[in-house]
Amino acid sequence: MSKLLQVIGVLAILGFTGAGFGAWMLTKEQVHITVEEGAGDRLSSVDPTAELADRFTALQGDLRGLGQTLGKNFELLDTAAAEREEEAASAREADRAATRAELARLEQSFAGQLARALDSERERHTAALGALQGELAALRAALADRAAAELAAANAAPAEGAPSTPPTEERAPELAQGTPPTSGEASQGAAATPPSGEQAQPAPVEPTPAGEAVDPAAPASKPRKKRSFVAFDLPSDSFTFEGRRSWEIVPSLSRVGFDAKSTLHDFTGATQKVAGSFTADLSAPQVDPQGAIRAEAATLNTGLPDRDTAMYEKLESSKHGAITFTVLGFRSTSSDAKAMKLAGVVRGRLGIRGVEKEIELPVRLAVDDARRLSIEGELVAKMSLWGIEPPSQLGMISVQDEVKIWIALRARATEAKQ
Amino acid sequence: MSARFSLMFGTFLSAASLFTSCIPSNVVAPTDRAVRVDAANAVWSKGGAADLSGYWSSRELSGPLASAVRRMHYWFEADGRFTGAALLEGPPLAFQVLSGLWSFDAEGQLLLGEDAEPARLEKSGEFLRLSGSDGVVVLEREELR
Numbered sequence: 316m317s318k319l320l321q322v323i324g325v326l327a328i329l330g331f332t333g334a335g336f337g338a339w340m341l342t343k344e345q346v347h348i349t350v351e352e353g354a355g356d357r358l359s360s361v362d363p364t365a366e367l368a369d370r371f372t373a374l375q376g377d378l379r380g381l382g383q384t385l386g387k388n389f390e391l392l393d394t395a396a397a398e399r400e401e402e403a404a405s406a407r408e409a410d411r412a413a414t415r416a417e418l419a420r421l422e423q424s425f426a427g428q429l430a431r432a433l434d435s436e437r438e439r440h441t442a443a444l445g446a447l448q449g450e451l452a453a454l455r456a457a458l459a460d461r462a463a464a465e466l467a468a469a470n471a472a473p474a475e476g477a478p479s480t481p482p483t484e485e486r487a488p489e490l491a492q493g494t495p496p497t498s499g500e501a502s503q504g505a506a507a508t509p510p511s512g513e514q515a516q517p518a519p520v521e522p523t524p525a526g527e528a529v530d531p532a533a534p535a536s537k538p539r540k541k542r543s544f545v546a547f548d549l550p551s552d553s554f555t556f557e558g559r560r561s562w563e564i565v566p567s568l569s570r571v572g573f574d575a576k577s578t579l580h581d582f583t584g585a586t587q588k589v590a591g592s593f594t595a596d597l598s599a600p601q602v603d604p605q606g607a608i609r610a611e612a613a614t615l616n617t618g619l620p621d622r623d624t625a626m627y628e629k630l631e632s633s634k635h636g637a638i639t640f641t642v643l644g645f646r647s648t649s650s651d652a653k654a655m656k657l658a659g660v661v662r663g664r665l666g667i668r669g670v671e672k673e674i675e676l677p678v679r680l681a682v683d684d685a686r687r688l689s690i691e692g693e694l695v696a697k698m699s700l701w702g703i704e705p706p707s708q709l710g711m712i713s714v715q716d717e718v719k720i721w722i723a724l725r726a727r728a729t730e731a732k733q
Numbered sequence: 117m118s119a120r121f122s123l124m125f126g127t128f129l130s131a132a133s134l135f136t137s138c139i140p141s142n143v144v145a146p147t148d149r150a151v152r153v154d155a156a157n158a159v160w161s162k163g164g165a166a167d168l169s170g171y172w173s174s175r176e177l178s179g180p181l182a183s184a185v186r187r188m189h190y191w192f193e194a195d196g197r198f199t200g201a202a203l204l205e206g207p208p209l210a211f212q213v214l215s216g217l218w219s220f221d222a223e224g225q226l227l228l229g230e231d232a233e234p235a236r237l238e239k240s241g242e243f244l245r246l247s248g249s250d251g252v253v254v255l256e257r258e259e260l261r
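Those protein sequences? They're chains P and U, same order as listed.
Residues in the first sequence are numbered consecutively from 316, following the numbering used here.
Residues in the second sequence are numbered consecutively from 117, following the numbering used here.
Check the hints yourself; a few may be wrong.
[Claimed, not checked] Derived, one-sided and incomplete: chain U residues facing chain P with beta-carbon distance under 10 Å:
#1 Val143
#2 Leu181
#3 Leu214
#4 Glu233
#5 Ser249
#6 Arg257
I should point out that these hints are in silico values taken from the structure, not numbers from a laboratory.
Using N, Cα and C, we set each Cβ at its ideal position, and we do this for glycine too.
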């Protein structure tokens with residue numbers, strides 16, 4: 316049965332296929348299919364050339380319009396620029412005119428002030444000159460009177476056989492110059508300035524019995540300059556507070572030290588074995604100060620030999636013999652150039668026991684009348700900062716870690732620096 | 117117990133105070149830190165011709181002359197002669213030497229040469245002090261070897 320159905324199916328398929336083939340054969344002569352290019356363009360009936368021409372014409376119109384607009388705008392811009400230029404030129408001209416007017420006014424004012432000042436100065440000088448001329452006339456008259464009196468006295472003296480009139484106080488310097496060297500006169504050696512060459516002029520009148528010749532009219536009435544009481548010719552003092560110069564510590568007048576507190580009592584350790592130098596401008600000490608100072612650690616003296624020995628051990632003075640201070644900078648807090656004093660804070664590296672630590676030391680500086688610079692200052696510091704263990708005896712007698720380090724130096728200027 | 121502790125503590129304090137009082141404080145006062153010359157504390161009396169003889173060197177100079185002079189040396193003879201040398205400020209440092217005769221004026225002031233200003237002369241042990249308008253010079257007697 317199933318096979319029968321399969322045969323029937325196959326026969327049906329074959330039948331349908333054959334029927335379709337037969338139908339295609341019958342109709343194939345009447346069916347023609349043609350495919351043409353640009354079939355879609357038949358939908359638009361506009362001519363592209365005409366459209367292009369139209370568009371070109373429109374563009375030409377636009378361009379013409381744009382050109383006209385641009386031309387107008389450029390004209391406007393040109394006009395505005397010209398107007399601005401004119402405005403600026405007129406403003407400059409106005410400024411120039413104002414400046415000229417101001418200059419003319421200042422010139423006039425200055426000329427007036429100058430004229431007034433010159434007139435005032437001329438009047439002052441004229442008055443002073445008048446006074447001087449008056450004084451000169453009086454002096455001349457007095458001198459003439461005195462010469463006449465002395466002449467009369469000199470003429471009268473031989474007749475009386477008596478010594479000359481004792482010199483007045485005014486004459487004393489003149490007579491001293493005319494006097495030959497006496498037992499009190501000093502003569503200077505090779506490096507010294509020879510004695511003044513001022514000698515009294517031979518007198519036109521007869522000499523006095525003492526042989527003292529005096530010309531009343533000679534300018535020798537000027538008193539002879541006295542030497543210093545130490546008899547040396549002292550150079551003038553050229554020291555000035557301003558200017559960079561080098562200073563050298565004077566050890567014999569300097570001391571550095573420390574104050575310490577202990578369980579038993581407080582004590583000071585100090586030494587004068589200090590040396591060094593520095594360079595600075597005292598009127599501007601903050602400008603590149605340079606220098607270094609060193610003290611011999613093994614010469615610090617506290618007054619007790621045993622304590623000194625222990626201190627030297629703590630300081631390792633046999634290994635690090637010097638306590639050093641190197642100047643790094645200076646900050647001025649006050650300055651009085653007239654009094655030659657200043658104060659400030661010196662910054663530097665303090666080296667103790669081979670260990671250097673930067674510190675700031677407040678100091679006061681002053682130039683004394685011997686032109687030596689005294690430097691005093693102090694700061695509180697902990698000795699442990701330099702790795703020094705505070706000394707202690709049996710845990711009962713101990714020194715505090717904090718000590719007061721101080722300096723009292725005097726330095727002398729060695730040379731001025733440019 | 118408490119009484120015993122108080123007794124011990126009191127004894128300790130007494131001993132400590134006795135011990136500490138044996139070693140006085142030797143802290144230098146800030147005003148005494150600067151070095152002063154020995155002559156600063158000397159007691160001065162008027163000097164005369166008898167005090168001059170010998171060799172003297174300056175120990176301290178003060179006043180305006182100290183800015184010009186570093187050191188001075190004098191040799192005074194009893195017969196009135198003297199010679200001196202001063203190391204003057206430079207640069208360079210230079211010696212100035214002189215010699216002459218010393219005398220005293222009517223007021224008892226020392227004259228080192230006729231044209232020098234008179235100086236007040238004072239003495240104190242081995243020191244002489246000359247004072248004048250230019251300052252003060254403290255001289256210390258030295259032995260010539």
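Each hint tested on the structure:
1. Among the interface hints, the one on Val143/U holds; its C-beta lies about 5 Å from the nearest C-beta in chain P, closer than the 10 Å criterion.
2. Among the interface hints, the one on Leu181/U holds; its C-beta lies about 6 Å from the nearest C-beta in chain P, closer than the 10 Å criterion.
3. The interface hint given for Leu214/U is met, as the beta carbon of that residue sits about 4 Å from the closest beta carbon of chain P, less than 10 Å.
4. At its closest, the beta carbon of Glu233/U sits 4 Å from a beta carbon of chain P; the interface hint therefore holds under the 10 Å criterion.
5. Because the closest C-beta pair between Ser249/U and chain P is about 7 Å apart, less than 10 Å, the hint holds.
6. Hint status for Arg257/U relative to chain P: violated, with the closest Cβ pair at about 17 Å, above 10 Å.
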